[in-house]
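Asker: Work out the full structure, taking the sequences as your base and the hints as a guide.
2 protein chains.
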Amino acid sequence: MRVLTKDIAHLCRDRPGESLVVFGWVHRIRELGGITFVILRDRSGILQLVLAEATDLDRSCLTLESVVKVTGVPALNEKAPGGVELSVHTLECIARAAPDLPYQVNADIGKIGLEAILDHRTLSLRNPKIQAIFKVQATIIEAFSEYLRGQNFTEIKTSKLVGRSTEGGAELFEVAYFDKKVYLAQSPQIYKQIMVASGLERVFEVAPAYRAEKHDTPRHLNEYISLDVELAFIESEKDLIDLEKGILAHIFSEVARKNAPELALWHTQVPHAEAVHQAPIVPYEEALKIANTEATFGGKKQAARIFDINPEAERLLCDWALREKGTDLVFVNEFPRRYRPFYTYPLDTARTMSFDALFRGLEITTGGRRQHDYKALLEVLPKFGLKEEDIAGYQVFQYGCPPHGGFAVGCERLTQKILGLSNVKEASLFPRDRKRIEP
Amino acid sequence: MRVLTKDIAHLCRDRPGESLVVFGWVHRIRELGGITFVILRDRSGILQLVLAEATDLDRSCLTLESVVKVTGVPALNEKAPGGVELSVHTLECIARAAPDLPYQVNADIGKIGLEAILDHRTLSLRNPKIQAIFKVQATIIEAFSEYLRGQNFTEIKTSKLVGRSTEGGAELFEVAYFDKKVYLAQSPQIYKQIMVASGLERVFEVAPAYRAEKHDTPRHLNEYISLDVELAFIESEKDLIDLEKGILAHIFSEVARKNAPELALWHTQVPHAEAVHQAPIVPYEEALKIANTEATFGGKKQAARIFDINPEAERLLCDWALREKGTDLVFVNEFPRRYRPFYTYPLDTARTMSFDALFRGLEITTGGRRQHDYKALLEVLPKFGLKEEDIAGYQVFQYGCPPHGGFAVGCERLTQKILGLSNVKEASLFPRDRKRIEP
Chain F
170 MRVLTKDIAH LCRDRPGESL VVFGWVHRIR ELGGITFVIL RDRSGILQLV
220 LAEATDLDRS CLTLESVVKV TGVPALNEKA PGGVELSVHT LECIARAAPD
270 LPYQVNADIG KIGLEAILDH RTLSLRNPKI QAIFKVQATI IEAFSEYLRG
320 QNFTEIKTSK LVGRSTEGGA ELFEVAYFDK KVYLAQSPQI YKQIMVASGL
370 ERVFEVAPAY RAEKHDTPRH LNEYISLDVE LAFIESEKDL IDLEKGILAH
420 IFSEVARKNA PELALWHTQV PHAEAVHQAP IVPYEEALKI ANTEATFGGK
470 KQAARIFDIN PEAERLLCDW ALREKGTDLV FVNEFPRRYR PFYTYPLDTA
520 RTMSFDALFR GLEITTGGRR QHDYKALLEV LPKFGLKEED IAGYQVFQYG
570 CPPHGGFAVG CERLTQKILG LSNVKEASLF PRDRKRIEP
Chain U
170 MRVLTKDIAH LCRDRPGESL VVFGWVHRIR ELGGITFVIL RDRSGILQLV
220 LAEATDLDRS CLTLESVVKV TGVPALNEKA PGGVELSVHT LECIARAAPD
270 LPYQVNADIG KIGLEAILDH RTLSLRNPKI QAIFKVQATI IEAFSEYLRG
320 QNFTEIKTSK LVGRSTEGGA ELFEVAYFDK KVYLAQSPQI YKQIMVASGL
370 ERVFEVAPAY RAEKHDTPRH LNEYISLDVE LAFIESEKDL IDLEKGILAH
420 IFSEVARKNA PELALWHTQV PHAEAVHQAP IVPYEEALKI ANTEATFGGK
470 KQAARIFDIN PEAERLLCDW ALREKGTDLV FVNEFPRRYR PFYTYPLDTA
520 RTMSFDALFR GLEITTGGRR QHDYKALLEV LPKFGLKEED IAGYQVFQYG
570 CPPHGGFAVG CERLTQKILG LSNVKEASLF PRDRKRIEP
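Residue numbers (my numbering), protein chains in the order written: chain F, 170 to 608; chain U, 170 to 608.
One thing to keep in mind: the hints can contain errors.
Intra- or inter-copy, both count: the list cannot distinguish identical chains.
Straight-line alpha carbon distances no greater than 20 Å define the calculated SDA-like cross-link-like pairs of lysine to any residue that follow [claimed, not checked]:
(1) K238 <-> S213
(2) K349 <-> R605
(3) K350 <-> P608
(4) K544 <-> I263
(5) K407 <-> Q564
Derived by calculation from the structure, the hints in this document are not laboratory data.
For clarity, every value in this text was computed on a predicted model and none was experimentally measured.
Answerer: What follows is the structure in structure tokens.
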């Protein structure tokens, strides 16, 4: 019966002297005074194996990354990782790794550039610190879904092939669909709204979204996981901000509970629930003032005046919130009309009931109340260069659509900022950018 | 404070005479002896409203599908749906529906053809019986994920844009990706395997998959939700079948627990856990014999001899299993080499460690053990018209890949067969076929 490495220490205490079976990957090999020390890696963690010189073992499988089956007796050893090691009695080769490993899986990733990590993606994903990123991401997705189900939201899965853009902009990937041209969806926006209007009222979706943006920055992916939410019977974006605070507080507490080893590997912590709930909500115009003031904080010289909430402003606003409010999270609301899609609900002629969430210096969410009145929707279309036929799906709003709104959390960005990754690509298993389409 | 319609009956018993607030869509209107009866629909169900002739209410919003806010006092009434009705005191119009509703939302969908249902998708999704399909589907996705997390699987999200086919076959949608041509992924096959080999060992994914198949049948979608599983350290496809039985038993019990109203609307039931666990495993050659025997069962005349497990054979095998074994589920294993992808693990020269799951007459799963030895993988490539460079991602198998396997459940097909839908398109919110790309 196989035992996971994470369970060895307590088995050693509970049933000392008992022989155990362990499976895993050869992560590190070290020879010392005639003894071979092997660090074995399985899905739960790592374990030190001790192979005495005298033991008659087939050592042909002692190449890095080989998969082995080992039996042995555990012993407590303060100096070993996890405080326990296994004296090996038998060693069986499950899959021998060729010795010409083209990438050093067990290296300190801080010393390897991002390009090398991505060029060797199938191997770099074996590094425990890199794998930790995706264990945290799995918790984010689970906690997001769990929280919303608890609030009576229904999970939906909508098509990623659309006949036209609904977000505006030309940043679409074209798909040859039989004899037609279609596009990869930039977001499930229209579908979320149709489902809210259908009477489901509260929906969420976890799915890929696509942006054909040409720029290559540490904050952009051409394919990303969008955590989407939409709900009926709201009054303003403040209801949405409340919901997002609840979601984020739950995600952070679940990551803290389930991913302590992963957070430790990245030397980081998630915010406490109180810090999430006390995140300030700053109207756009005020946010601009704060960003400009913050740019000169402590006698700094401002590089250039800030005229919109650009990446620099996002960083400055988060610096301000951390210092003044003790929180990693800021909401900016009341964005001007010109910065928001046609379907955004107006607050007045100039401003909208919309918001962004900024977390640790980065925008992780865009959302807002939507225009649910079909006639009002038609009225704004010309300003956005759109015609009625461009928004065909919205015609159903003529037949009973309640006030509603929603938002989307960028899953990789949230992962990035929880762990302090320098580039969002690190938070995508197989990131897609202009040049990278393999593996 | 808003109350959901599903909670009215018990509130009426617990706090009789108390006024309540309800929001919802006007689902049906009936005039009888000077009294207006309205069926109101919200996300939780329906409720009968009673508007006495004398009451001074603004009735302009009494058009089908209008969204209204209502206050009133509930009273038990055996004849009303759910055994309760609400005497309306105030009626407020939230969103008035235009009276020219182009599709009858409250119609019996059994009397409306599939084309009409899909042509009016944004409205047909409001029908409670149609909406029930997607409430069940949400439970399927939740239960699938929950069961696997409980078995220590990690959820992954992999790219849907791939440089080439890994499944063989030319049924790929081409995407214009900047200056390159890429394809929509037919499955996350290679990514699941890379992640298993990485040491994560056990992974699952819920994501769209694409097949550019030109045929239009009741069992095909060009875009579908694939429930994918892959795990290390298995011996044969029988380990996978055991896992799938566990998953399906959990899904069925969760659907039974959470979706009783939806199952009732479709006059159907899910199989019991015992029936899942006693599903027979029939080797391919034996399955062919059974199908041919079953084709003449009860003195029927066989239309044509069956030479492979085609849709007709799937139906016959399920007929046989239901009659002889009392179960809706059959597993067929040991498929011949020629029917399976290059990465399938051999049982002997002719047969593979692969399987299909057939449920209520339809194949819902294909899976198998995979070849984990890179040299053995290279050896079979010529038979499949493939070269080493076609399977670039698999090169990592040279560096320690354990025995492993997996499978995928077609989410829409499982939904279809649980509810007894005649066409798989009914189980897709916004189905994509050769002609349908909107909404």
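Asker: Let me make sure I understand: some of the numbered hints might not hold for this structure. Which ones are they, in numerical order?
Answerer: 5
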